[in-house]
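2 protein chains.
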Amino acid sequence: MYLKLRSVLNKATLLVDSELFGTINRNMNTRRIVFEEFGDPVKVTKLVDDKLPDSIAQEEVIVKMLLAPVNPADINTIQGVYPIKPKLPSSPGNEGVGEVISVGSNVTNVVPGDRVVPLQTNGTWQSAIIVNSSNLIKVDKDIDLHTISGIKSNPSTAYRMLKDFVSLNEDDVVIQNGANSACGQNVIQLAHYFKYKNVNIIRSRPQPDLENLKNHLKSLGATYVFTEEELRVTNIFKDGTLPKPRLALNSVGGKSATEILRSLDNGGIMVTYGGMSREPVAIPTSLFIFKDIQLKGFWMTRWSKQNIGSAEQQQMYHELSQLMKNGYLVAPTNKTVPLGSFKQVLQNSVSTKGFTGVKYFLDLQK
Amino acid sequence: MYLKLRSVLNKATLLVDSELFGTINRNMNTRRIVFEEFGDPVKVTKLVDDKLPDSIAQEEVIVKMLLAPVNPADINTIQGVYPIKPKLPSSPGNEGVGEVISVGSNVTNVVPGDRVVPLQTNGTWQSAIIVNSSNLIKVDKDIDLHTISGIKSNPSTAYRMLKDFVSLNEDDVVIQNGANSACGQNVIQLAHYFKYKNVNIIRSRPQPDLENLKNHLKSLGATYVFTEEELRVTNIFKDGTLPKPRLALNSVGGKSATEILRSLDNGGIMVTYGGMSREPVAIPTSLFIFKDIQLKGFWMTRWSKQNIGSAEQQQMYHELSQLMKNGYLVAPTNKTVPLGSFKQVLQNSVSTKGFTGVKYFLDLQK
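Residue numbers (my numbering), protein chains in the order written: chain A, 3 to 368; chain B, 3 to 368.
By construction, these hints were calculated from the structure, which means they are not laboratory data. Please note: incorrect hints may appear among the correct ones.
It does not matter which identical chain is meant; a pair holds if it fits inside one copy or across any two.
[Claimed, not checked] Within a straight-line C-alpha distance of at most 25 Å, the following computed PhoX-like cross-link-like pairs (lysine-lysine) qualify:
#1 K220 x K293
#2 K45 x K165
#3 K143 x K327
#4 K337 x K143
#5 K197 x K307
#6 K298 x K165
#7 K246 x K87
#8 K298 x K257
#9 K345 x K165
#10 K165 x K48
#11 K216 x K257
#12 K87 x K220
#13 K257 x K293
#14 K140 x K246
#15 K298 x K53
#16 K298 x K216
#17 K246 x K298
#18 K293 x K165
Model the full structure from these sequences, guided by the hints.
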């Protein structure tokens, strides 16, 4: 009730003393994961109870965090091996979804009760955060929490890679390795929605897992799913079943990257956005010279920094949200763990290097 | 005298019967190298005497060929390992310079006595050729024959690579490996002319050859010359001596390519146009993702096909010719061999795989 009144007051006047409203934070607590040094995530992180500051500024918003994905980049950040190193002590977590609790007197884009996704933010792995209102996008409450919480990274990466490198038409072909990763699954779903044929490469594995995975990816919209060995011998690009791919997406590196490169059409582009095999990409020089193949890279973090608040960014979030709402984009197979059990997630993420097949989420209110 | 009269007649009327003038070719001979199968160049080639056809068409020109460079692509074409395979029997040779002997009745761009470079032509390794007049550019007789004869490949490759991939400003830095190749030397001379700082990587070799080569490249305009080992430990990009390169040119592949890649500035582009080491280019995925490095390829043959007769092509040849005339571009260290001794050149080209340090030219009138 008090919150509702506040919201009305905020809208009524922007000249009101923000310090007055700042007092509402007094005694509000947050549980947060923090690390004071870089290193083994299991060892350097701890869960602490903190008071939120007594007041918030006129442009700030208090968000009760609901859910946050655990991304490989979060693990690498704690390890100190990610190119962006936060000042220590720091709280991990680069994305998530929450609910607005209260807003500063100058805030006009959200009101208490709104569901929001924070954009440029470190430290989403806590039960409440204070952020600048310009750093929030309001999202529809109808959208599945797991799906929307990850909108900033994997769905956005998949979207940009399909849009920004090659001008694809319906029935053009895109090929990707690491197709069962969270981002790979988004690539399949978006390519299916955009009506691009998509050829998906996965590592081999024993049956029935292999067949189950293939069926799962096909259910998401995969046109073809091959193991690396199957790609080497397939004739679909030779017998006219499919045109050669004009775009390849590489999140693996090593031989896997070379194989998808070899299938590319003349003038095609391979975009590298990950290197799960930890091996470099090796390219015969003839592919550059005589086939005019191009290799580029993509890093969502760079794109987001260069496009904060741009029309393109707004359009992308709008389109992705709609696809999530209508079920075209769904979260990867996942497991949700209470914030209090975060060490279990970190332990698992470090030991499997992300090759789990299951994406972890933290429930930040448990 | 007769030729002069013909030229006057040609200019006087375009309606004259071309068959009349066709008769002048009767009994004109050409000595040409031919090969009837792909294979070892020394074995599959022979020198034959041929009559030129009795008549030429209205748009055709007879060119007495003077000089032709021997390029690695020529050797690979005879071997059958080049991506473009001519119909057999074929005459090798993709560039050269000659003198117009006679012209068909519709020819307006050249007259007998003009010095010309044939463009899209196979078979320059012969003493006389018949080509369509649109396939000739007239060049200044003041320009050194060795230098102008190669204008289509190495100087043009160097020009396009410096112009088309990164918008460089004065004092921007370009780095290249294989810097002592014919094309590498053109890159140095053009970069020097355009006032780009250029860092040149060569393979190590015993003294005094190493110092002599460094001095030679510096005399052409090299800002720095390093061996691959020296590049690995130099501090010039770290201590502020030079900005990091925005463009890298790779004609070697393998470790050499990886080393010049590592020196590139964020967002830099490496252009591959050769692979002398026969080893693939290996790139850590992090360079793509976090440094936004791009890899592209360049093949002069493709560019020329896509830009036949374009304003860009004309501008390039004009500019390069002027630079040759004024001494900014000079031919690489070379040795000229009579057409009759061509097997000696082929033997040498095959056994050294181009790593000679001396470029061979054929004197087509000896």
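With identical chains, the pair K298 and K165 could be close in the same copy or across copies; at 25 Å between alpha carbons, which is it: within, between, both, or neither?
both (14 Å within a copy, 20 Å between copies)
25 Å Cα threshold - placement of K293 relative to K220:
The answer is neither: 31 Å in one copy and 34 Å across copies each exceed 25 Å.
Identical-chain pair category, K216 with K257, by Cα at 25 Å:
Cα proximity of K216 and K257: one copy only (21 Å, versus 38 Å across).
At most 25 Å between C-alpha atoms: does K246 with K87 qualify within a copy, between copies, both, or neither?
between (40 Å within a copy, 23 Å between copies)
I want to check one pair: K45 and K165. Are their C-alpha atoms no more than 25 Å apart within a copy, between two copies, both, or neither?
Neither: 40 Å inside a copy, 52 Å across copies.
At most 25 Å between C-alpha atoms: does K345 with K165 qualify within a copy, between copies, both, or neither?
Neither way: K345 and K165 sit 37 Å apart in one copy and 54 Å across, limit 25 Å.
Regarding K298 and K53, is the shortest C-alpha distance of 25 Å or less found within a copy, between copies, in both, or in neither?
neither (45 Å within a copy, 53 Å between copies)
Evaluate K298 and K257 at a C-alpha cut-off of 25 Å and name the case that applies: within, between, both or neither.
Both: 17 Å inside a chain and 20 Å across chains, each within 25 Å.
Intra- versus inter-subunit Cα pairing at 25 Å for K143 with K327:
within (9 Å within a copy, 73 Å between copies)
For K257 vs K293, is the C-alpha pair at or below 25 Å within one copy, between two copies, both, or neither?
both (19 Å within a copy, 22 Å between copies)
Indicate which option fits the pair K337, K143 if close means a Cα-Cα distance not exceeding 25 Å: within, between, both or neither.
This pair counts as within: shortest intra-copy Cα distance 21 Å, inter-copy 78 Å.
Could you place K293 and K165 in one of the four classes (within, between, both, neither) given a Cα distance threshold of 25 Å?
both (22 Å within a copy, 21 Å between copies)
Violation of the numbered hints given earlier is confined to hints 1, 2, 5, 9, 10, 12, 14, 15, 16; the remaining hints are satisfied by the structure.
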